[in-house]
Amino acid sequence: MRITNNMLINNMMLSLSNNLSRTQKYQYQLASGKKIRLPSDDPIVASKSLKLRTDVSEIQQFKRNTDDAISWMDITESTMRQMTEIVHRMREITNQAANGTNTAEDLEKIKAEAEQLRNQLIDLGNATYAGRYIFSGFKTDKPLLDASGNFNIDISNSEQIKFEIGIGDDINVNVTGSDLFNGGTDAASGEKSKLVDVFDRVIVAMGSDDKSQLGSLLADIDEQIDNLLRVESGLGARMNRVELTANRLDDDLVSFTNLMSKNEDVDMAEAIMNLQNEANVYMASLATSAKVIQPSLVDFLK
Amino acid sequence: MNNTTYMGMEIALRGLYSAQRGMANVAHNVDNVNTPGYSRQVLDQRAARPLLVANSAGMLGMGSDVVSVDRMRDTFLDEKYWSEAQYLGEWEVKAFIIEEMQTIYNEPSDNGYTKIISDFYSALQTLSTDPSSLSVRAMVKEKGIAIAKYFNSVASHFDHLQEDLNNMVHAKVEEINSLADQIKELNLQIYNYEVMGNKANDLRDRRDYLVDKLSRLINCNAYEVETGLKLPNGEPEKRFVVTISGKALVDHADVVHLKCESRKQKLNFEDIENLFEVSWADGNKISIKSGELKAYLDMRDGNDGLVGLNGEKSPNCRGIPYYQRKMNEFVQVFARTFNEGIIDVDGDGVLDKINGHVDGYTITSQPGDPPCGIRFFTMLGDDGKPLSSADFEAMLLDYAAKNGITDDPSTDYDERILAGYSLLTARNFSISFDIEDDPSNNIAASDKPGEPGNNENLKTLMGMRHNPYMFMEGMPEDFIKTLISSMGVDGQQYVQSYEIQKAILNQVDNRRQSVSGVSLNEEMVNLVKYQQIYGAAAKMIQTYSEVLDILINRLGV
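Protein sequences appear in the order of chains A and B. Just so you know, we're using this note's numbering here: the first sequence kicks off at 4 and counts up by one. Just so you know, we're using this note's numbering here: the second sequence kicks off at -14 and counts up by one.
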């Protein structure tokens, strides 16, 4: 085949431009840390990367949701622990008042304490988390109980506030006032809370020093303690689940971020090596081109 | 007749002339080493007509003669080049345009669609953990706006790109017309030279070079046809013809231009107004099969072969209208699902009605109130401001009525609303005025009135994100993922085809260069050769001169 000067130049230009475009690719990879710049560079990596980004962002959101759930439940739990203490203390002083050895003055003191406990209990029933009443079900803008221990709102056990902590995985974060203050039955607005009612009856019995009545009320208090324990253990179990989920989400986040990085991040060592390789080829082709293109017979005719 | 005294000198003189012509030819070739389209020229040098010697001693050589100057050209390779160049032009342009389209979507990145839709759902999730929080509600509103703006911006980028491509179509048609005119001029010049029996080498090179350029723009064939007549020198008369899909663009001295006319009826619903329709200037329809012009038309009009508004099929290519249509489909389904809760929940292919944003309750609703009826997403009105939910509803129902779906018992409310959603496009997608105006109240998180802590409606809305039947392609993310990967695959194919075509064309061009290119070595060898011959011929003259000196001066007559 006849080889002409322009053929050499064309071929050289083509090889140089191919080489430069590869160099540019590796240079981009190193500069951005990503394998691809456009979906057309590798459609599979691109589509995987879209999926993984969605997954990672969802996991992050679920993690935030579990954090919110945990703090809501922490508040609920500590409020309920105080309630349990109050009810236990009520049982103690009721027991004390049911004894025959109290002076009138003692009884007065006991009664005053019982009233304090009752008010504290109502206050706890209206506990808030970030401005929201935690026991009011969906009506988080309204307090659960009024000063006399009547329900301020309609409240039903079905008013469960649920947070999503996984795809299709809900967790009920709240304890409804009806479950806690009404022995587990739904209540309408104006109805008397069963728990406060027991306290009220104790206080009345203390006022009239009705020892037998106080004795029989102990059973009612026990019943309320059992109810509290039931709700508390339910909440505990749910908190356990949230914490397990939170741990799993932490693991998921690490492994999905890892997957995402494996999918779209560039292997630096490889990219540097490739770039170096291309640079060598480029230098070599420049050097040979310079040698081949320049001289012709023209240079030797003197 | 016997030898004449000066015959030898005459022969030597011819040698001088031939060598001079040869050197001039070398100079011409060397000068044009880098002229695009130039093919090297060689001398057709023959022995001059010999002299018949009377004494039957045979023929007497009369030196050399340059009969003609020919260009070295292989027309087979030219035709090969022209038939391959059209695909190079097509793939190069397509690869370039789809790159631009991919940057419009800006995926994969941290600020593309995926990020925006994830942010929106994250905001909803955050709201579901605190449904009465005003700051989170404001955030949901902002993220909703971000989605709408994203689609508006992608759609308007596509519009601009379509306009650019339309201008390119016009520019390319102008370029084709101008090339056709130039070829016609050259045809006349070449004909005028050659009718006298000359060879218009350089003009022919120029003409072939113009066809090289034309062949990148559009599928074309170029060839010479014999007219059947004879030129004065006995050669058959030839005329040069350039055709596009069988119809002549240039036929010797006649040119039929192409023209661009604004379409009166849009081809695709998604198109911008006044796109150019390319046709022959004489009114005939043109069939464009490849080349840059085809690439611009395909990407401008390509709607995956869908039959357009004017009854014609759009190019079988995924161009701008295709992606606009998909984006429109996305916003329609997304808004309809989110607003109305009309969605296929069980995968039976029939739309079901679950709770949507309209079925929720606002934060200030009182027990006994009806559902809010507020649509989260609406569209931009004529004044560019978001429509309120009520105005939007009226528009949807009005649209349904205009399309024959009226308020009678056979078509329920949902069916009419559903029909109206085809008004929504990526260009006019927006959040509703109600949400923009008062997100604190109007985002309907609750599924019961008077329950500010109730997040049940939000949870239904968020659940739609994971509904695999929302689109034919699956969930919202799957939809866009499919769109972007199909664009990626197309782009990859265009780039690969372009690379392949580049290699093919380079190979053909190299073969052409091998035949037609100027080799400096060769020219230098010729130069030395002609120089030597010139010297030798001059020497001959000197020798004859000496011989004559002997004859005339020394014989002492």
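Derived from the structure by calculation, the hints contain no laboratory data. On a predicted model such as this, the values are computed, not experimentally measured, just so you know. Among the hints, erroneous ones may be present.
To be verified - To spell it out: a stretch of chain B is covered by chain A in this simulated footprint if at least three of its residues, at any positions, have a beta carbon under 8 Å from a beta carbon of chain A; those stretches are:
1. 77 to 87
2. 474 to 480
3. 495 to 503
Said to hold, decoys possible - No more than 20 Å apart at the CA atoms, straight line, and that leaves these computed lysine to aspartate or glutamate pairs for DMTMM-like:
4. A:K28 x B:E77
5. A:K28 x B:E84
6. B:K487 x B:D95
7. A:K54 x B:E258
8. A:K305 x B:E507
9. A:K51 x B:E507
10. A:K38 x B:E84
11. A:K51 x B:E77
12. B:K244 x B:E148
13. A:K28 x B:D463
14. B:K444 x A:D173
15. A:K38 x B:E209
16. A:K214 x A:D302
17. A:K38 x B:E507
18. B:K444 x A:D172
19. A:K37 x B:D95
20. A:K38 x A:D270
21. A:K165 x B:D432
The C-beta atom is built at its ideal place from N, Cα and C for all residues, glycine as well.
Here is what the structure says about each hint:
For a cut-off of 8 Å, the count of residues in the segment 77 to 87 of chain B with a CB near a CB of chain A stands at 3, and the three-residue condition holds. For a cut-off of 8 Å, the count of residues in the segment 474 to 480 of chain B with a CB near a CB of chain A stands at 6, and the three-residue condition holds. Counting residues of the segment 495 to 503 of chain B whose C-beta sits closer than 8 Å to any C-beta of chain A gives 6, which meets the bar of three, so the coverage hint holds. For the proposed pair K28 (chain A) and E77 (chain B), the alpha carbon gap of about 18 Å is at most 20 Å, so the pair holds.
For the hint pairing K28 (chain A) with E84 (chain B), the CA-to-CA distance comes to about 15 Å; that is within 20 Å, so the pair holds. For the suggested pair K487 (chain B) and D95 (chain B), the alpha carbons sit about 35 Å apart, so the restraint of at most 20 Å is broken. A hinted pair counts as satisfied when its Cα atoms are at most 20 Å apart, and K54 (chain A) with E258 (chain B) does not qualify at roughly 36 Å. Taken as a hint, the K305 (chain A) and E507 (chain B) pair is honoured in the structure, with Cα atoms around 17 Å apart against an allowance of 20 Å.
A hinted pair counts as satisfied when its Cα atoms are at most 20 Å apart, and K51 (chain A) with E507 (chain B) does not qualify at roughly 58 Å. As the CA atoms of K38 (chain A) and E84 (chain B) are separated by approximately 16 Å, the hinted pair is consistent with the 20 Å bound. A C-alpha spacing of about 28 Å is found between K51 (chain A) and E77 (chain B), which places the hinted pair above 20 Å, so the restraint is violated. Of the pairs offered as hints, the one joining K244 (chain B) and E148 (chain B) holds, with about 18 Å between alpha carbons and a cut-off of 20 Å not exceeded.
A hinted pair counts as satisfied when its Cα atoms are at most 20 Å apart, and K28 (chain A) with D463 (chain B) does not qualify at roughly 28 Å. Simply put, K444 (chain B) and D173 (chain A) have alpha-carbon atoms about 10 Å apart, close enough for the 20 Å limit, and the pair holds. Restraint check for K38 (chain A) and E209 (chain B): not satisfied, since their Cα atoms lie roughly 52 Å apart, outside the 20 Å limit. A distance of roughly 129 Å separates the Cα atoms of K214 (chain A) and D302 (chain A); the hinted pair therefore is violated under the 20 Å criterion.
Of the pairs offered as hints, the one joining K38 (chain A) and E507 (chain B) is violated, with about 49 Å between alpha carbons and a cut-off of 20 Å exceeded. Of the pairs offered as hints, the one joining K444 (chain B) and D172 (chain A) holds, with about 11 Å between alpha carbons and a cut-off of 20 Å not exceeded. The suggested pairing of K37 (chain A) with D95 (chain B) holds, with an alpha-carbon distance near 12 Å, which does not exceed 20 Å. With a C-alpha separation of about 8 Å, the suggested pairing of K38 (chain A) with D270 (chain A) holds against the 20 Å cut-off.
At most 20 Å may separate the alpha-carbon atoms for a hinted pair to count; K165 (chain A) and D432 (chain B) meet this at roughly 13 Å.
Consistency note: the structure conflicts with the earlier hints numbered 6, 7, 9, 11, 13, 15, 16 and 17.
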